[in-house]
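Let chain F serve as the given structure and place chain Y on it in line with the hints.
Letter by letter, the chains look like this.
There are 2 protein chains.
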Amino acid sequence: MPELRRDPVIGRWVIISKERGKRPSDFVIVQERIKGGYCPLCPGNEHSTPPEVLAYGREKGAPPNGPGWSLRVVPNKYPALTSEGNLDKRTEGIYDKSNGIGTHEVIIETPRHDETMASMPVDQMLLIFRSYRARMQALAQDDRFKFIIIFKNFGQAAGASLEHSHSQLIALPVVPLNIKQELSGSMRYFEFKERCIFCDIIRQERSQNIRIVCENDDFITLCPFAPRSPFEMWCMPKDHHSSFPEISDSQLESLARLFSETMQRLDRALPKVPYNIMLHTSPIREENLEYYHWHLEIMPKLTMVAGFEWGTGFYINPTPPEESARFLREIDLNKKGTSDSLLSRKERLIS
Amino acid sequence: MPELRRDPVIGRWVIISKERGKRPSDFVIVQERIKGGYCPLCPGNEHSTPPEVLAYGREKGAPPNGPGWSLRVVPNKYPALTSEGNLDKRTEGIYDKSNGIGTHEVIIETPRHDETMASMPVDQMLLIFRSYRARMQALAQDDRFKFIIIFKNFGQAAGASLEHSHSQLIALPVVPLNIKQELSGSMRYFEFKERCIFCDIIRQERSQNIRIVCENDDFITLCPFAPRSPFEMWCMPKDHHSSFPEISDSQLESLARLFSETMQRLDRALPKVPYNIMLHTSPIREENLEYYHWHLEIMPKLTMVAGFEWGTGFYINPTPPEESARFLREIDLNKKGTSDSLLSRKERLIS
Chain F
6 MPELRRDPVI
16 GRWVIISKER
26 GKRPSDFVIV
36 QERIKGGYCP
46 LCPGNEHSTP
56 PEVLAYGREK
66 GAPPNGPGWS
76 LRVVPNKYPA
86 LTSEGNLDKR
96 TEGIYDKSNG
106 IGTHEVIIET
116 PRHDETMASM
126 PVDQMLLIFR
136 SYRARMQALA
146 QDDRFKFIII
156 FKNFGQAAGA
166 SLEHSHSQLI
176 ALPVVPLNIK
186 QELSGSMRYF
196 EFKERCIFCD
206 IIRQERSQNI
216 RIVCENDDFI
226 TLCPFAPRSP
236 FEMWCMPKDH
246 HSSFPEISDS
256 QLESLARLFS
266 ETMQRLDRAL
276 PKVPYNIMLH
286 TSPIREENLE
296 YYHWHLEIMP
306 KLTMVAGFEW
316 GTGFYINPTP
326 PEESARFLRE
336 IDLNKKGTSD
346 SLLSRKERLI
356 S
Chain Y
6 MPELRRDPVI
16 GRWVIISKER
26 GKRPSDFVIV
36 QERIKGGYCP
46 LCPGNEHSTP
56 PEVLAYGREK
66 GAPPNGPGWS
76 LRVVPNKYPA
86 LTSEGNLDKR
96 TEGIYDKSNG
106 IGTHEVIIET
116 PRHDETMASM
126 PVDQMLLIFR
136 SYRARMQALA
146 QDDRFKFIII
156 FKNFGQAAGA
166 SLEHSHSQLI
176 ALPVVPLNIK
186 QELSGSMRYF
196 EFKERCIFCD
206 IIRQERSQNI
216 RIVCENDDFI
226 TLCPFAPRSP
236 FEMWCMPKDH
246 HSSFPEISDS
256 QLESLARLFS
266 ETMQRLDRAL
276 PKVPYNIMLH
286 TSPIREENLE
296 YYHWHLEIMP
306 KLTMVAGFEW
316 GTGFYINPTP
326 PEESARFLRE
336 IDLNKKGTSD
346 SLLSRKERLI
356 S
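If you read the sequences in order, they're chains F and Y.
Mapping of the first sequence onto our numbering: position 41 corresponds to residue 46, and the numbering continues sequentially without gaps.
Mapping of the second sequence onto our numbering: position 329 corresponds to residue 334, and the numbering continues sequentially without gaps.
Here chain F stands alone, though its shape is the one from the complex:
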């Protein structure tokens, strides 16, 4: 029988419907394949992007916007928002609008065109998280911004228009609706319990031990109780921290290690599956919230978002998170090859 589950933070309901997993059209993986061709993010093509705002790895004295880098951050050539000017809030009768002020940057995660988050060394993953922290800290100085979202689209089916591994950062002059919901949901819980709901989730997950994918001393990756999609994962600091940009160097290393492992497990389970990653953190100038907990959400693209999801905010998920977590957890990363991938174990997964 299908099950209805409620996300404890924002109150979103999902239908965990194993029966629907049996529909052949419900579980088709659109594998991402490297097509090649001219890549504006590759070394040697630095002139194709706007001038960089951050770069790691070049030798001392090497000029900017040339090769030799191991990670590069550049403004998006087609920004969704503009960084020049002021908000100029105004009304049009009952409606509110303002200028589209913001910053839109691209984090070129690696010089290697064929590298992915699953294949890159931990050191490269560390550079990525270090660049997130650096850019978030720098942009938080701009009074016009209230929130910074970092996200990654991997694969065309997940919305990536370039195949070279990259993340994006958008600084916004307003706090977006989904984050507001998370903040107010976790605040309500705190008012009632005087505890952080995410800390309580981690505590319960560690005692139940049925939805944990992997963990180390500082971080934990789990499949949430009410996931929107099969193999959705959340990666969270075990101790209470509401703001990602406040992360320490040693925590950053620990995160890079666990996140690397997480992405390797996902890739072994569902080779080259398209996915989205979103960094959820507290708004700018609200760095120390006792009720909120920063985390990364990983959403593999395995199901379609259609009229039902649009209309309701309800999601139909054909795979219980306990099964997703078990598959991801049981993968032996030391064993080479994809013999234990879900492509061959699909029948077991959805039966």
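Calculated from the structure, these hints are not laboratory results.
Watch out, some of these pointers could steer you wrong.
Since the list gives no way to pick one copy over another, a pair counts as held whenever it fits inside one copy or between any two copies.
Stated by the list, open to error - Only pairs whose alpha carbons sit at most 25 Å apart, straight line, appear in this in silico PhoX-like list of lysine-lysine: (1) 102 <-> 185; (2) 277 <-> 23; (3) 185 <-> 243; (4) 82 <-> 198; (5) 23 <-> 94; (6) 341 <-> 82; (7) 82 <-> 151; (8) 340 <-> 243; (9) 94 <-> 65; (10) 198 <-> 102; (11) 151 <-> 340; (12) 341 <-> 198; (13) 151 <-> 341; (14) 198 <-> 340; (15) 198 <-> 185.
No experiment lies behind these values; they were computed from the predicted model shown.
Below, chain Y alone, put in the same frame as chain F:
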């Protein structure tokens, strides 16, 4: 310069970013093409679906589940929820869950495999809305249900797995998050202004007259001020009504006429564009809300929902609703052919 706009009902922000409309990958229409093959929804194949719960158009005395119908409603063969049993709400530590009780039906809108909402006669559209009303009224008698959502996915890119024109109905034991947000947003407005926010929107739109697509005595179709996608439209009763299933026969006819025109305009502007339609109405047993207003939302599938939208609930829309509305409004429905379609006028649209 891009513009930030706030939806007045739920507070969702969108970026109206004409600059991004220029990216070639941003505005590709995946046209739906009829592929043919065996269709379980076609006349003669009635045995392929579960037994019908409603049918219109058969001659008196003709047996059910055979041909001769002009519209048919059947249970979904792969239901997301099950109609047998009780909710049995329970907790798992801090989590809430219950049995996945609900009803999932398919409205087979026409016997003609190649008919669409844009090509069918008004009489056929009327049957569709009549069947919505009938099924909603019938299912509202079941105490286990709190909300009924009706939606339609047209085209594979919009999530349709069958090409034969159909809508879907899901009766839910909980009120979904998006509807809750709309209800609480419009309630807050009412508490402050003592007026329905949707009535105020209609009043302002009729006086501004820049986002109206078409209207008749009883209904109006407009492009909302803060649309999530290019050519998003809302179709609403002009008088205050919160509950769709309470609609009168004459209103139903009027709706069928305006909705037919709306779908014809969309199809002429963007031939065979995939889309989602969602019916937003008040919860069951809350039929007469002075602060809420039922409406249909039409979302053409022209942009990608990726990490940014997932993470934030923020949408980037490359086409201002004033432009969408003007294009849709200026189409001459008496002129045959697609010479004024946006496929040929694309440059003007996004320049």
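Item to check | Hint check against the structure, violated hint numbers in rising order | outcome: Numbers 4, 6, 8, 9, 11, 12, 13, 14 - these are the hints that the structure violates, sorted from lowest upward.
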